[in-house]
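> Please build the complete structure, drawing on both the sequences and the hints.
Here the sequence shown stands for residues -18 to -1, 1 to 185, where the numbers follow mature numbering (1 follows the signal peptide of the UniProt record, and there is no 0).
Hints are computed from structural coordinates only; laboratory data are not their basis. Just so it is clear, CB atoms sit at the ideal spot from N, CA and C, and this is done for glycine as well. Treat each hint with caution, since some may be false.
To be verified - Under the rule of at most 30 Å between Cα atoms (straight-line distance), these lysine-lysine pairs were calculated in the DSSO-like manner:
1. K30 <-> K84
2. K167 <-> K133
3. K129 <-> K107
4. K58 <-> K30
5. K30 <-> K133
What the hints assert, rightly or not - DEER-style ranges, computed between Cβ atoms:
6. G174 <-> S41: 15 to 21 Å
7. T39 <-> T162: 17 to 23 Å
8. G54 <-> R98: 31 to 37 Å
9. A27 <-> D87: 17 to 23 Å
10. G157 <-> G54: 19 to 25 Å
11. Q65 <-> I125: 28 to 34 Å
12. T161 <-> P35: 34 to 40 Å
13. N88 <-> E171: 31 to 37 Å
14. G157 <-> N88: 28 to 34 Å
15. K129 <-> A32: 27 to 33 Å
16. G54 <-> G174: 26 to 32 Å
17. G42 <-> P70: 26 to 32 Å
18. K170 <-> Y53: 32 to 38 Å
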Amino acid sequence: MRRLALLTLCLAATAVNAAGFSEKDTPFNTRYKESPEEAAAREFAEQKTALPPLPDTQSGDWFDLYVSEDYGKQPKILLSSLQIMPSPDGSIRYILNVRSDKGHDNLTVEGLFCARSSFTYGKDKRSSYKVFGYGDTVNRRWIEPRKAEWKPIGSTFNKNDAMRAVLYQAFCVDGVPNTTEGLVKRLKERAGRYAPKMVRHDK
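Here it is as structure tokens:
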């Protein structure tokens, strides 16, 4: 009798779990068909905008990024340059100054796109970054690259570009903040020299 009762409970639990399961929540499925609206919501489309004014490297709300003890450069990000582009772009734009060990300023205006999922669905865009302009501090202008393109970034990117990996960890892990204030908070919590140790919560 006891075995029969346990079997009944197991079958009931299985039925409940099956009812709450949706193939939509899995990276691969055979029955779920995505609607055109859902596909459009995931589709990336870069928004074209004018480059911002070239900033003063000696003043402003520059925030020092900490990469590692043996990182020879002094990367900074201009907090007031942070902005979140509206959908269907959704990337984060900002100005960097990667100052060399000899004190030379290397300004770039960039975009960072955080993938909306850890899975890749069809044409979904991966986490990536793009340089829109290089700073010419002598002539006070931006120089746009001839062939600017989005370059993949993520967990395996640490070995190739440790500085942008810091930005990826700050902005992309655990989802992108909805406001620029949230971006600034993330930087101070995760990317500063004395920030608390970064703990990954993504899977």
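> With reference to the structure, classify each hint as holding or not holding.
Verification of the hints:
Restraint check for K30 and K84: the C-alpha separation of about 35 Å exceeds 30 Å, so the hint is violated. Of the supplied pair hints, the one linking K167 and K133 holds, its CA atoms being roughly 26 Å apart against a limit of 30 Å. For the proposed pair K129 and K107, the alpha carbon gap of about 19 Å is at most 30 Å, so the pair holds. Taking the CA atoms of K58 and K30, the gap is near 25 Å; set against the 30 Å cutoff, the hint holds.
About 17 Å separates the Cα atoms of K30 and K133, which keeps this hinted pair within 30 Å; it holds. For G174 paired with S41, a C-beta distance near 19 Å keeps the hint of 15 to 21 Å intact. For the pair T39 and T162, the supplied restraint of 17 to 23 Å holds, since their beta-carbon distance comes to about 21 Å. Taken as a hint, the range 31 to 37 Å holds for the pair G54 and R98, whose Cβ atoms sit roughly 35 Å apart.
A hinted range of 17 to 23 Å for the beta carbons of A27 and D87 is inconsistent with their spacing of about 33 Å. Separation of G157 from G54 is about 32 Å and departs from the stated range, judged on CB atoms against 19 to 25 Å. For Q65 paired with I125, a C-beta distance near 21 Å fails the hint of 28 to 34 Å. Between T161 and P35 the Cβ separation comes to about 23 Å, which falls outside the hinted range of 34 to 40 Å.
Between N88 and E171 the Cβ separation comes to about 26 Å, which falls outside the hinted range of 31 to 37 Å. Distance hint check for G157 and N88: the Cβ-Cβ separation is about 30 Å, which falls inside the suggested range of 28 to 34 Å. At about 20 Å, the CB distance of K129 to A32 disagrees with the hint of 27 to 33 Å. Taking 26 to 32 Å as the suggested C-beta distance range, the pair G54 and G174 does not conform, at roughly 18 Å.
Between G42 and P70 the beta carbon distance is about 31 Å. The supplied range of 26 to 32 Å therefore holds. The given range of 32 to 38 Å is broken by K170 and Y53, whose C-beta atoms sit roughly 19 Å from each other.
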